[in-house]
Every structure is written in C-alpha cells, then in structure tokens.
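Using the sequences and the hints, build the whole thing.
Number of protein chains: 2
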Amino acid sequence: MFFDIAIIGSGNVSYHLAYRLKQLGNPPKMIYGRSKSDLMQLTKDLNLPPNISDLKNVDDVDFAIIAASDDAIEEVAKTYTFQQHTIVLHVSGSKSINVLSAHKQFGVMYPLQTFSREKEIDFEGVPILIEGNNDDATRKIEKLAHFLSNNVKQVNTADRMKIHLAAVFACNFANLMYHQAELLLRETQVTLSDMKYLLKETNEKALQIGALKAQTGPAIRSDLGILDQHLSILATDDEKKEMYELLSKAILKMRK
Amino acid sequence: MFFDIAIIGSGNVSYHLAYRLKQLGNPPKMIYGRSKSDLMQLTKDLNLPPNISDLKNVDDVDFAIIAASDDAIEEVAKTYTFQQHTIVLHVSGSKSINVLSAHKQFGVMYPLQTFSREKEIDFEGVPILIEGNNDDATRKIEKLAHFLSNNVKQVNTADRMKIHLAAVFACNFANLMYHQAELLLRETQVTLSDMKYLLKETNEKALQIGALKAQTGPAIRSDLGILDQHLSILATDDEKKEMYELLSKAILKMRK
Chain L
1 MFFDIAIIGS GNVSYHLAYR LKQLGNPPKM IYGRSKSDLM QLTKDLNLPP
51 NISDLKNVDD VDFAIIAASD DAIEEVAKTY TFQQHTIVLH VSGSKSINVL
101 SAHKQFGVMY PLQTFSREKE IDFEGVPILI EGNNDDATRK IEKLAHFLSN
151 NVKQVNTADR MKIHLAAVFA CNFANLMYHQ AELLLRETQV TLSDMKYLLK
201 ETNEKALQIG ALKAQTGPAI RSDLGILDQH LSILATDDEK KEMYELLSKA
251 ILKMRK
Chain B
1 MFFDIAIIGS GNVSYHLAYR LKQLGNPPKM IYGRSKSDLM QLTKDLNLPP
51 NISDLKNVDD VDFAIIAASD DAIEEVAKTY TFQQHTIVLH VSGSKSINVL
101 SAHKQFGVMY PLQTFSREKE IDFEGVPILI EGNNDDATRK IEKLAHFLSN
151 NVKQVNTADR MKIHLAAVFA CNFANLMYHQ AELLLRETQV TLSDMKYLLK
201 ETNEKALQIG ALKAQTGPAI RSDLGILDQH LSILATDDEK KEMYELLSKA
251 ILKMRK
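Quick mapping for you: the protein sequence lines, in order, are chains L and B. Position 38, counted from 1, in the first sequence is what this note's numbering calls 38; the numbers after and before it change by one each time, with no gaps. Position 217, counted from 1, in the second sequence is what this note's numbering calls 217; the numbers after and before it change by one each time, with no gaps.
Keep in mind the hints are simulated off the structure, nothing from the lab. Computed from a prediction, not measured in an experiment: that's the story for all the values here. Among the hints, a few may not be true.
Remember, identical chains collapse to one label, so a pair may be satisfied in a single copy or spanning two.
The calculated lysine to aspartate or glutamate pairs, modelled on EDC-like cross-linking and capped at a C-alpha distance of 16 Å, are [unchecked claim]:
1. K253 x E187
2. K104 x E120
3. K240 x D228
4. K22 x D4
5. K36 x E124
6. K153 x E187
7. K143 x D62
8. K153 x E124
9. K200 x D159
10. K253 x D238
11. K22 x D59
Structure (structure tokens):
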C-alpha cells in the first residue's frame, strides 16, 4: 500500500504534499527542480534526507507529481524523461488533463485548498479532484488520493475548471472583501481581528444552511436608507462604491 | 453588579441578548413588544418566566434596550415611556445615537456580530461598540457591555457607521461570494460544504497575516490566461462576469 513518488517543484504545493506524504510514513522518493538550493531548503524545512535531483531523468517511480505554476506545467513535463509506467500528474485546478498528453499514463490530482508555506494544512478532509487518461491510471490516482485525504472525487477537466472558478469566488474574492473591510477600518478603533467572530459565524452559517438562506445585511432586507448612507460614506472612493453598488444589486435580486 | 434590564422587541438580537443575560444569571426583568404571542414564544424559547408586557410604560429599570429594526427604533422609542434615570439604548450599527435624543439618558450598544435564531452565539469575544450621550451614561453602558463581552470599545456614531459598512463587506458581501460559488458548483460533483476547509483556511489566513498579504488566486499572480479562461466560462452569465471583472481588476491593483 505504499507509493514510490517523485515530486517536481519546490513551491508551496510541493512542500505540503511532501509534508503530508512524510506524515503518512511515505515520504517522496525524490524531489526534482531547477534550483538545487531551493530544493535543499525544501528538504531541510521538511526534515527529509536531501533526496533531491537537478537531473532530468526521473527515477523509476509510480507517480511523478508536477507541482509547478500553471503556465510552467507543460514545459516542465516536457523537460523531464519519465519511465513508461510512471503516471505523470499535475495538481492544477485550471489546466486541462491534456497538457500532459505527451505521456503514456497521466492525470490530475487537484487539492481544493489554498496553500501557504507558513501554515500547516489539515489535509485529511481536503477534497482531492482526480482525473486519469485511462481507467488504469484513474484507478491508481484514486488510490494515491485516498491515501492523502478521505474526500476524493473523480471530476473531468471542464467541471474542475468550473470548481476552480467557484473557489476563486469563495476564497480569493471573499478575501478581497476582507481586504476592503481592512481598509475601511483603518481610521477606526476596530481591526479585522476584532471581526474574527463575525467572519467565523458568516462562514459557518453559509456551510450549515447554505449561502442563499444565510444572506443578511441591508441589501437583502431592501433597506434603501442604509444603502444610501453607505454610498454616501463611500462617495469619494470610486472603487469601493462601484463594488458596493454591484454587489448590493446582486443581493437585492436574491430576494426574488 | 447586577442590572435591571428591559428589552423591547422580539427579534433575533432580543433573543440572543436575553439568552446571554440569562446565561450570566441576570435575565431581563421584562420584555416588551407589540405582539403578545411573539413575546410569549420568545420567553418560551428562552425558558424564561413570561415576564412580558404589551403596555407602553416601561418598568423602573437601569437599561431599556430597544432591539428593533433600524427603521423602527425612533418610533419605538417614542411609543414607550421610560423613567428619567433609565438609559435608553439601541443596538444598531448604522443608526446615529441621536435617534434617541428625546430621552434624558441614552446611548448605543452595538454587538459586531450576525445573529440568527437557529444558531447559538459565543458572546464572550464579540466586540461591543458603545456610545453614551454623556459621561455618566457612557460609563454605565460600558459596565453593562463588559458584563456581556470582554471586548468593549467606545466608538462614536460616524466611526460606528464606517465599521458597520466594513462588516457589510466582510460578512454580507463575503457571503454573496459563497453564494456565487454555490451557483457555479450546481452542476458539478462538489458542493459548498466540500469547500469547508478552503473557506476556513481563507478566513484564518486573513486574520493571521492580514487580507492584503493573504490574497491568492489568478488575479494577484496576474495570470491573465486563467482570467480569460474564467471569463469565457462566465460568457453567458452577465452578472457573475461583471463581478469577476470588477473584483479581479481590484485585485490586480493590489499588486502595486
């Protein structure tokens, strides 16, 4: 039940994948990348033996996981030589499985999570969306994904792209909203940290009863007096005013 | 150190305030409101004796908390007769302290939280923003707020309105983003619940390192290829497309 795995890349996803594999008693056999010093640092941070390589011939492994930036995947995949039976994987939400089609066995293993080096990830429940270029590859990728997480789903490229887009709204755009709040709070006695319970409650409520039912605030109450008051506070801030108008309009429509 | 409190209103905020006061061994002395049946239900839900009134003369209490909808506060305050020494409070983020200026002692006690009847609130750390019409009132309101929460701040009306606006971004608009995700996920195998770890991580990261530094996603990486891909997925959905463009533009500007 153990896997021979090579990881290509030295970024955040590489780090967290290698960390999780090590945690499960199955560290990656080898880590590849362009910069030997980055790789040394990575294995040092992970407290792994420096089983790294700047060579282009990938060892005889079950899986070669390309954890490169979206734009680099195709080029990286071409740079390396893999064994025929090695399943070559990328971990991107927004790239087609076919960027790897030069290989015999290939696929995608996309963890639906945001990764930063500084913060440990509870990988256990992170959904992993998988896709293989044939049944054999899919079955094997599924096994690896189940080793990493208890939430594995087989999803084709078109749906995965849509799910990634949904994550941009739920994660990146939600964070942008936190940033707007941060800016508005600047000259007050309150900070974003003081809103900890508010953010947590908003989050939990949407997960419990669904975001449609969980919507609160002046727009969903159609409280036009407060909307006007807010727009006048934002009168000299075109960017926030435009956001406020567009997003409140969308919430007003949710009332129907 | 105990307070004689009357609550006027039978909505979510009344419920949670009364619940918290009861939890602390200081249940409200009386609950007032228009509808006797709503009030009966409220005290029943709270397992309080039916110490309710549909009369307009408020008992001799230290505080009368008007927990009515924003638009109703002024009218409700005029409908009731209070003792001279009673401090009349509202709990709104967006209404001026002066809507209560017909009274002798008055102020604001705004809990920075979103309340639903179905969900218990951990009141302990919820920031309570207070304002009084004179030093004596302010001091007394501060005592009451400290009884309810360990995070009390004295904030004037203008700042409180700005903080409320910030909360609309961080809470109501973030929830709208969750709703957009919900809609996009509809025809996929993934639900918003599967994004639980992603939402939690996004939330915690913004609180830990600030939302500006925590921003991730294609726009902050200036990955124009992915932005184009997402816009083409949204080609037939004008509302989401407009949001996507406006919010990505704002994130692209954060790079500077």
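Original post:
So which of the earlier hints does this model not fit?
Top reply: 1, 2, 5, 9 and 11
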